[in-house]
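Asks: One-letter residues, chain by chain:
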Amino acid sequence: MPTKRKLAAVAAGIALTTLVAACAAGNGGKVGGGSVVKGQKIKGGTVTIAEVAGSPNDIMPLGPSTNSNGFNIYLDLGLWPSLTYSGDGAKSVPNPQENLYSKLTYSDNDKVITIDLKPWKWSDGVPITSRDFTFVYNLLKWNYNDWFDYVQGLFPVDVAKVLTPNAHTVVLDLTRSYNPTFYTDNVLATIPLLPQHAWDKTSASGKVSNYDETKAGAKAVWNFLQAQGSDMGTFATNPLWQVVDGPWKLAAFQSSGYYAWVPNKNYSGPDKPVLNKVIWTPFTTDTSEMDTLRSGTSLDVASVPLNDVRQIPALKAEGYSVAQVPTPGVAEILPNFYAPVAGLLLRQLYIRQAMEYLINRKQIVQKAFAGYADPGNGPVPVLYGKQFDSPLEKAGGPYQYDPAKAKALLAAHGWKVVPGGTDTCVKPGTAADECGAGITSGEPLTFQLLFASGTESYDEQNAAFQSTESLGGVKITLKSEPFNTLVSTTGTCNGQSHPAATCDDWQLEQYGYNTYLMDPTGAGQFNTDANGNYGGYSTPEMNKLIDATEYGSSSSAFFAYEDYAARQLPLLWLPNASIVFVYKSNLAGVTPLNPFSGLVNPEVWYYTKPTS
Amino acid sequence: MTWYIVRRIGQSVAVVIGVMILTFILVHLEPGSTARAVLGLKATPARVALFNNTYGLNRPLPVQFWLYCDHVLHGNFGISYSAGQPVSTLIAQRLPRDAVLIGMSTLLALIIGIPMGLYQAIHHGTVRDDIVAGTWFTLYSAPDFMEALLLIAIFSVHFHLFQPAFPGGITSVGGLFTDPSALVLPVVVLAINSVAGFSQYMRSSAIEELAQDYMRTARAKGLSERMIMWRHLLRNAVLPIITILGLSLPNIVAGAVIAEAIFNFPGMGLLFWQSALSHDFPVMLGATLIIGVATVVGNLAADIAYGVLDPRIRHAV
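Line order of the protein sequences matches chains B and G. Each residue of the first sequence is one higher than the one before, starting from 764 at the first, in this note's numbering. Each residue of the second sequence is one higher than the one before, starting from 2 at the first, in this note's numbering.
No lab work stands behind these hints, which were simulated from the structure alone. As the structure is a computational prediction, the values presented were derived from the model and not from experiment.
Derived coverage of chain B by chain G (criterion: at least 3 residues anywhere in the stretch with Cβ under 8 Å from a Cβ of chain G; other residues may be distant):
hint, segment
1, 826-835
2, 1013-1021
3, 1053-1062
4, 1240-1248
The C-beta atom is built at its ideal place from N, Cα and C for all residues, glycine as well.
Turn these sequences into a full structure, and let the hints steer you where they fit.
Replies: Written out as structure tokens, the structure reads:
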């Protein structure tokens, strides 16, 4: 479930540079979660942010299913925030100040949600009401198959009924009970409110009406909005997109990806923008971005590519401050459980365990990522804090680097272990001390790792993986491909469809990481029919534990799932690189970085001048 | 001459059609699923099917090719899968900018290369000839990305003299000149790689011309060396350069992917490179077609210009 959202499209290494922020504070006070602001606050100013290797091409907040451009969310979130505002400072919790609702009440065994909307207004002064929610619901109800963020079985098809008892209350009667944390963090965080009074029309010159209340009308409105939303030449001039409820309005947009925000003067939220303007300026590659940073001229905020983290001292000399935030996601080597021959090996838990014991994650963090990475102890990164990080993960995970244990495991299961060479099965069979089902005598323990080319850190990581695996006699051959080629050859299989499908062209794959929303659930990754389960992992126990995190209400369910997944190794866990971020040292409000908010909230930034 | 031109145009059309067929086959031989490449790893089978249906990728290849040709003949190059914009728009945005950038660098290379070639011809076989040739060949041999990064390190990072990259968001030719200092380094880098070619062609041609009877006659008439050089030698020796210029037309259209990547210049080269990585067939096909057309037009123009300028060729055909 988490990785199907638009943010996920960004995940595969596309580095936009706009993570950030926190709640603004006064002069010299604390900002957000606690960074001390030095200097006097300056009102106004322009911030220029680097946008690397991609740019938005669709402005409609409910993007079409055929558009996977992860940069669109950066354009949209400052204009039309979601009901749940993800992240409070760096904490993985909703931000009550920024949520569009004042109260969220779960009742009837967590099957009914009552949403009390805040009395905020659209930028044109019209109040935000429950009608705006039903507008969104109606559009999605009839068009969810063409909505990029739709996740099978979730909103809007999980809604039995929507009631609006008054202008500021919405009652969602769901078809089943949900875990409130899951629904609030991962479903409501993807649903914006849209201005029915301005957008419920079927043509540019047509009048606004209640078209969304019929199937035909909702489809016509949807088609109209999608057509307008993809017309890049009119993003900044189309009256539709000037009606917003976020802190910013779009002032300029060029098809090259350059765009500019100015403050929404009627913004009702707590953090009124202090800056006069925010500019996103596109860069074709991170090389040109880094050169511009090094020349110390036009950029105020930018990400630092992994390959260039060693240039951070030089950037500091150019007047930049540095911040980092762990990426909310999980990095992995994906095993193909249905690859011919190799799949038989990978289905053996003891082989996966031995391989994980042979990954020196601490070394990879230091050498490949220069220390800027989550250790990758299991399915949940350590940034998630106490509500999601189990004691097992915090303690380093179940399989910390230990070649001796790996060799012992393999030897105990009928393998002739040849450190530096290739292990071979000498005791075929299915007994506890034999190699396992389908593995024949003399079978070598060898795999090909397919990985995405073009990132030096990943090259180093995979070379380290190859090297340390050989200590246990696991022979790894490396093959790199461009990311899109890698993606396109992976296939569309999961634990359910895999046996019948043709997804057998690879054995191990490393393409980056899967992103999470605030609730780092395994749904969508490890359950049998999950769309993101393309390695084909499947156990009834995992399905049951994931269901408990999604639909149950037990607070211990998450740790049970997390520890089970950490031990079961549906993926081989790897360190996950952090996002490293530089910003002009006189720009305040930037830290603590919020990795969950859609990464775009310059409304809390401001320039300072030194106090004498 | 007319028959020659008609025949050459006919050949050019055949070549363009061949390029279309070959390109169409080659791009569809790329491994993996286009829809998966565009929609990402998490694309559901239903979403993949919708994508294939939307873009006609579920139809037989010959039908796709036929539709493509039909659309192209109606001026429709299709919609980019990844940018969501008409391919013609993407190309129209980039082509004029590349033409200006590469045109300027070519002009600079000519301004340096032609006199340099003449100088070498006049001093051929001397140390001065060797020094000039060695210098330009060294620069020509060096990878352009290395030259670009070196120049950026020196002039942008260290001395802060020139912008290391174009400002983001340039959508027009005029936008290139909003900050002229950003033009300096890419123009110089691209020129460096062309000077050696131009100067060596010029040198060879000039050496050949210097040995001609009319040069001796000119000297015998008592013309000054300056007059001989500029009025007689240059005008005759420059003819091969015209051919080279014609052949460099595809370069203008194809862009310069390395320079574009380093100098934040979203041109044709980068467009083609990124479309190849993302399986963006319409862009790949559109760009290849344009480059193919430019190549045959460049060749044709060079042949015709050569014929027009050199009566011996005109009369020979």
